[in-house]
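Engineer: Chains as they are written, first to last, in the numbering used here: chain A, 150 to 483; chain B, 150 to 483; chain C, 150 to 483; chain D, 150 to 483.
Rather than coming from a laboratory, the hints here were simulated on the basis of the structure.
Take the hints with a grain of salt, since some may be wrong.
[To be verified] Distance condition first, Cα-Cα at most 27 Å in a straight line; then the derived DSS-like pairs of lysine-lysine:
id: 1; chain 1: C; residue 1: Lys481; chain 2: D; residue 2: Lys300
id: 2; chain 1: B; residue 1: Lys481; chain 2: A; residue 2: Lys455
id: 3; chain 1: C; residue 1: Lys309; chain 2: D; residue 2: Lys474
id: 4; chain 1: C; residue 1: Lys173; chain 2: C; residue 2: Lys195
id: 5; chain 1: B; residue 1: Lys474; chain 2: B; residue 2: Lys396
id: 6; chain 1: B; residue 1: Lys455; chain 2: A; residue 2: Lys309
id: 7; chain 1: A; residue 1: Lys300; chain 2: B; residue 2: Lys396
id: 8; chain 1: A; residue 1: Lys300; chain 2: B; residue 2: Lys475
id: 9; chain 1: D; residue 1: Lys481; chain 2: C; residue 2: Lys300
id: 10; chain 1: C; residue 1: Lys474; chain 2: D; residue 2: Lys474
id: 11; chain 1: B; residue 1: Lys455; chain 2: A; residue 2: Lys300
id: 12; chain 1: C; residue 1: Lys455; chain 2: D; residue 2: Lys474
id: 13; chain 1: C; residue 1: Lys475; chain 2: D; residue 2: Lys455
id: 14; chain 1: B; residue 1: Lys474; chain 2: A; residue 2: Lys309
id: 15; chain 1: C; residue 1: Lys309; chain 2: D; residue 2: Lys475
id: 16; chain 1: D; residue 1: Lys475; chain 2: C; residue 2: Lys300
id: 17; chain 1: A; residue 1: Lys309; chain 2: B; residue 2: Lys396
id: 18; chain 1: A; residue 1: Lys455; chain 2: B; residue 2: Lys396
id: 19; chain 1: C; residue 1: Lys300; chain 2: D; residue 2: Lys455
id: 20; chain 1: C; residue 1: Lys455; chain 2: D; residue 2: Lys481
[Stated by the list, open to error] Example chain D residues on the side facing chain B (calculated, C-beta under 7 Å, incomplete):
id: 21; residue: Leu268
id: 22; residue: Met276
id: 23; residue: Leu277
id: 24; residue: Leu281
[Stated by the list, open to error] Covered by chain B, according to a simulated footprint, are these stretches of chain A (three or more residues, beta-carbon under 8 Å):
id: 25; stretch: 361-375
id: 26; stretch: 423-429
In this text, a Cβ means the ideal position worked out from N, Cα and C, and glycines have one as well.
4 protein chains.
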Amino acid sequence: MNKFLFLALVSACSQTIAAQNVVKYQANLNNVKYLYATVAPVAHLKPGDILDTNTLDCFGDAIRKPGDRLSMAPGDNPLTGPFFIEGAEPGDTLAVKILDLEVNGDQGVGALGPGFGALNPTNYTPMLNPPLPERIWFYPIDHASNTATFKALDSRFEVKIPVHPFLGCIGVAPAGGEARSSIVPAEFGGNLDSPEASAGNTVYFPVNVKGALLYLGDGHAAMGDGEVAGAAIEVPLHARVQVNVIKGRRINWPRFESEQAIMTVGAYRPVDDALRIAFTELVGWIHEDYGLSELDAYELLGKVAKIRLSEMVDPNYVVVASIEKKYLPERKRP
Amino acid sequence: MNKFLFLALVSACSQTIAAQNVVKYQANLNNVKYLYATVAPVAHLKPGDILDTNTLDCFGDAIRKPGDRLSMAPGDNPLTGPFFIEGAEPGDTLAVKILDLEVNGDQGVGALGPGFGALNPTNYTPMLNPPLPERIWFYPIDHASNTATFKALDSRFEVKIPVHPFLGCIGVAPAGGEARSSIVPAEFGGNLDSPEASAGNTVYFPVNVKGALLYLGDGHAAMGDGEVAGAAIEVPLHARVQVNVIKGRRINWPRFESEQAIMTVGAYRPVDDALRIAFTELVGWIHEDYGLSELDAYELLGKVAKIRLSEMVDPNYVVVASIEKKYLPERKRP
Amino acid sequence: MNKFLFLALVSACSQTIAAQNVVKYQANLNNVKYLYATVAPVAHLKPGDILDTNTLDCFGDAIRKPGDRLSMAPGDNPLTGPFFIEGAEPGDTLAVKILDLEVNGDQGVGALGPGFGALNPTNYTPMLNPPLPERIWFYPIDHASNTATFKALDSRFEVKIPVHPFLGCIGVAPAGGEARSSIVPAEFGGNLDSPEASAGNTVYFPVNVKGALLYLGDGHAAMGDGEVAGAAIEVPLHARVQVNVIKGRRINWPRFESEQAIMTVGAYRPVDDALRIAFTELVGWIHEDYGLSELDAYELLGKVAKIRLSEMVDPNYVVVASIEKKYLPERKRP
Amino acid sequence: MNKFLFLALVSACSQTIAAQNVVKYQANLNNVKYLYATVAPVAHLKPGDILDTNTLDCFGDAIRKPGDRLSMAPGDNPLTGPFFIEGAEPGDTLAVKILDLEVNGDQGVGALGPGFGALNPTNYTPMLNPPLPERIWFYPIDHASNTATFKALDSRFEVKIPVHPFLGCIGVAPAGGEARSSIVPAEFGGNLDSPEASAGNTVYFPVNVKGALLYLGDGHAAMGDGEVAGAAIEVPLHARVQVNVIKGRRINWPRFESEQAIMTVGAYRPVDDALRIAFTELVGWIHEDYGLSELDAYELLGKVAKIRLSEMVDPNYVVVASIEKKYLPERKRP
């Protein structure tokens, strides 16, 4: 690996960022997409560029006040993008460093509706029982204390929840010419609903098409593991991310990296298979980049791995497997 | 609920413990059991009593040095017990406060063997591929620094892992006259492999038979989420636990409680169903004891719940769902 | 069945059978069991003996007329037995040839109730939705035409269904000292709900304890694949079976054999894993007894195997994988 | 097939059909597709028209002789089409009557390769074990006896298998602008691998885009249930199908109909969920078209339903649930 690439990688993964070019883009209902697909980009970015943009909430910002209905949403998970990253070719890896995420407004929305949720029948786990009723909760957001407030609908109880903004949707154009709905998480990323997609972390994607075609959306102010009721605290976001390209490095599934840990993603059903995907990817990463044998890596993960079950409500379920870097040998390659 | 019961519960869940009776019992290869079943107890305890005992490691302490083989283990997960808790009747809940756990020795064992592991075929997920080889790792334990050391077998790498001792097996006699192998986690607890079974926490079990019949075993010095390679750092333990009985309170599945959180257990396959069990139990607990409606509880969990996927390697997989008490209304009943 | 066919069947699966001893045993509510377990036998059989007995229906024959409720059943799946087969030792295989099954009465029962069914929440796939109502259907049985009549509860429609009696429960004492509820199917057989347990077929079980301890129960007059609504046409049966012991032959899971086919059983969740168990067992059977390599057997099964998904409603799901003998080489060993 | 039966079949599933127009189309490696997607059609059909075309085998007819490798295939499941059906609009149902399928050649191919198969690790159920070796079996096809011959690779054994040709791939453009790989089965049909897609049967699809856009491919000369080894006897086919449009009738998932039975399709993972989809669709079909209440339909299916587990090897698994028409009330609407 040449020195230039090494430096690009270092800048992608760490805090110091020098005078980068900033590309601004404003998303609205007229330019959002509802598919991860290979379509004309809305803007071009160079490696190292910072994208300064916004995302609508998963309901297209349509649910505003008591009495509003889920049917008012123009579509699920409107996406900002796609953004063409120059120099990204199939077989490369796209690195997206999330610099900053801020809730764009004073309110978040939670909703219970048919077809979503881990404890009620859905389109892909249908049952004959009467459905749960549609319900909507509004979460006032206090920027000073960085909290959102849950207010019970059926009793007089409210409680503050710390805001931890992340992008529920972050992904690229799929491989093989596929186009997938914005509610799907898969090899190309997408509706991962992973709190790891938050400020300070880097997300890696396989580049499947020229320019990679990055999409962002579905901001969450906070979410429980598993997103069991089918929604997070859904919010529009203001987002700043920096893109880079790792040339000639091929990965199969999305990855996250923080200062402390490396993390792999698996997405399918049942959770068992999502976990197998995430962990075989993590064994492979440790083996290839840190030099442990596969069996030593497997054993070590059995002792110190962490599992985040991000969501069990989308068409595919998402598991993030991780290991803290302090448990690993020195990295052999960036 | 009367004042006596309230006080019993308070003592079960908190740190202050007055002059309790201490029952000592020494487990060894000749008196361990390999089933959760209704058999003659090895000792009797009164509510409030402290049990001071030990557990053998999951291999019956038989794997000692390089060259030892898994086939040398006299059985899997030898159990200490059962202990008869006076006054416990079917329909009650048994509360086991874990006071103290200490590794009983200077070494832990990790092993890769056929039939166990999330990333290799097992008895219940069999495949036709050639098996992985049997491998054993020894983990020296340093009591001063409270760490265990992983030493790679295929390269020169070692790293210290903090010791967090817990009981991989903790359970009671099953309902309906069933007897289950000590490798099974189920409604009666058992091989839960949950790090939540550690000092400071209380475990609750449904009482299925007179005396409840408590079993302990399978000490772990540390374990990664999912126990993916099939074993933790397996160790013998010295254990002190305090038992109490909550009369007339019926639960369906084991529960954990710490000072900070309430936690429910689900165990079956696939992970999806284990999660559904754990979360419907948690919704029920919040609804019954804290007064939120079921739908409000569901929504709130979607925003702040935590999921621990304890293991995906035993016959049944184990999920622990939890919520921090700070997010809940005041408890209506103990 | 004509005499020729009867002789062909007898010769198909067993050693030559001379004038057999017939052991009669009458089951009733006072002597049935609700566990597969190692308990005192109700009768002893020698290899070659014919057992002439009866089974109660899964509700203990308690549901008789409109207005009766599921709660009137004294327990689920009362079992006739256990029967001790002389000479059967752990490591042997028990062969149970089903000679004759007849519905013992003029009515069958179907029921929809909480906790059972593939399209409604159950104990191990719980959800928060309102439950389906309890419903009971009565099926008049016409012995002359050998049919049972379905009568719709909500409209004026009825239709005749051919009667094909089989034993929903057939199993032996589990290994390792386990005792399992009569609603569970597993390695020891049990609540397999497999229509293959019908007259003319032989069922093979691993012998786990001295005497094997055979249990029978849960007669079905007819059942759809998957038993999706949670019950078959539940009936008491009169049963005649013949037992034999294959010394020194160890199997892991139950097997069926008819004149035309060999069949293996897998039981667990999800169905995926039940299928993997059944098919790895079938590959092994073909490899060991018919001499094809494992990969040739795998390939051949991909072209001609049949799968019966027996049930997806008990705690474990049951798959029967089979291949017709006409597709196999000559058998190398009996 | 005699003329009487042909007429009965025609009348069974469609409006009366007069002297049909026949549209011929020749597929080859230069015009096949590898996606179910909304792209320019290769030909237009009117309702009632007969399409006379051919399909390449799943390897693009590239595997011809011993020594050939799976890597020689230009892609998986090349598709013939798409065909635009005039008058088909979103919200309608497309009916494809399969008139005739014939194997186009004298040889079929079976193959064992990485990433496919129910008893070996795959892309979505990955494991760390060493892989199975790549193996290819050639099946000579005898048109006179209508059989294909399995020849063991590791021993001297061969056996004839009856040929039952069907289209492994049959589907339409997905909804919502999605484009899916030709190896995927889903709501739009696709790689269903269902033997029900054979001569005499009708397949129904939801129309998602104007013209429906029908695709055909992946001919199978014979296949075992579950397609467990990952492939059928893969063959090119000559196919004749007749298309019709049912205006204003919306279905969610593909359906099959024969003279004897109605059948619904469910596709996802695990098999459990595929089954739930297929059966809730079948309950709905019976309720809507035959007038039974949902609970009566559920109960009746529990007694007489049939389940075909078509395949457990593609990205999504496929279950076909069916009921014979003789068990149903008179149909209320066509």
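Engineer: Against this structure, judge whether each hint is valid.
Structural biologist: Here is how each hint holds up against the structure:
{"no.": "1", "hint": "Lys481(C) to Lys300(D)", "in the structure": "holds, 19 Å"}
{"no.": "2", "hint": "Lys481(B) to Lys455(A)", "in the structure": "violated, 34 Å"}
{"no.": "3", "hint": "Lys309(C) to Lys474(D)", "in the structure": "holds, 12 Å"}
{"no.": "4", "hint": "Lys173(C) to Lys195(C)", "in the structure": "holds, 13 Å"}
{"no.": "5", "hint": "Lys474(B) to Lys396(B)", "in the structure": "holds, 23 Å"}
{"no.": "6", "hint": "Lys455(B) to Lys309(A)", "in the structure": "holds, 17 Å"}
{"no.": "7", "hint": "Lys300(A) to Lys396(B)", "in the structure": "violated, 34 Å"}
{"no.": "8", "hint": "Lys300(A) to Lys475(B)", "in the structure": "holds, 14 Å"}
{"no.": "9", "hint": "Lys481(D) to Lys300(C)", "in the structure": "holds, 19 Å"}
{"no.": "10", "hint": "Lys474(C) to Lys474(D)", "in the structure": "violated, 31 Å"}
{"no.": "11", "hint": "Lys455(B) to Lys300(A)", "in the structure": "holds, 20 Å"}
{"no.": "12", "hint": "Lys455(C) to Lys474(D)", "in the structure": "holds, 23 Å"}
{"no.": "13", "hint": "Lys475(C) to Lys455(D)", "in the structure": "holds, 24 Å"}
{"no.": "14", "hint": "Lys474(B) to Lys309(A)", "in the structure": "holds, 12 Å"}
{"no.": "15", "hint": "Lys309(C) to Lys475(D)", "in the structure": "holds, 9 Å"}
{"no.": "16", "hint": "Lys475(D) to Lys300(C)", "in the structure": "holds, 14 Å"}
{"no.": "17", "hint": "Lys309(A) to Lys396(B)", "in the structure": "violated, 35 Å"}
{"no.": "18", "hint": "Lys455(A) to Lys396(B)", "in the structure": "violated, 37 Å"}
{"no.": "19", "hint": "Lys300(C) to Lys455(D)", "in the structure": "holds, 20 Å"}
{"no.": "20", "hint": "Lys455(C) to Lys481(D)", "in the structure": "violated, 34 Å"}
{"no.": "21", "hint": "Leu268", "in the structure": "holds, 5 Å"}
{"no.": "22", "hint": "Met276", "in the structure": "holds, 5 Å"}
{"no.": "23", "hint": "Leu277", "in the structure": "holds, 5 Å"}
{"no.": "24", "hint": "Leu281", "in the structure": "holds, 6 Å"}
{"no.": "25", "hint": "361-375", "in the structure": "holds (count 5)"}
{"no.": "26", "hint": "423-429", "in the structure": "holds (count 4)"}
Checked against the numbered hints listed earlier, the structure breaks hints 2, 7, 10, 17, 18 and 20; every other hint is satisfied.
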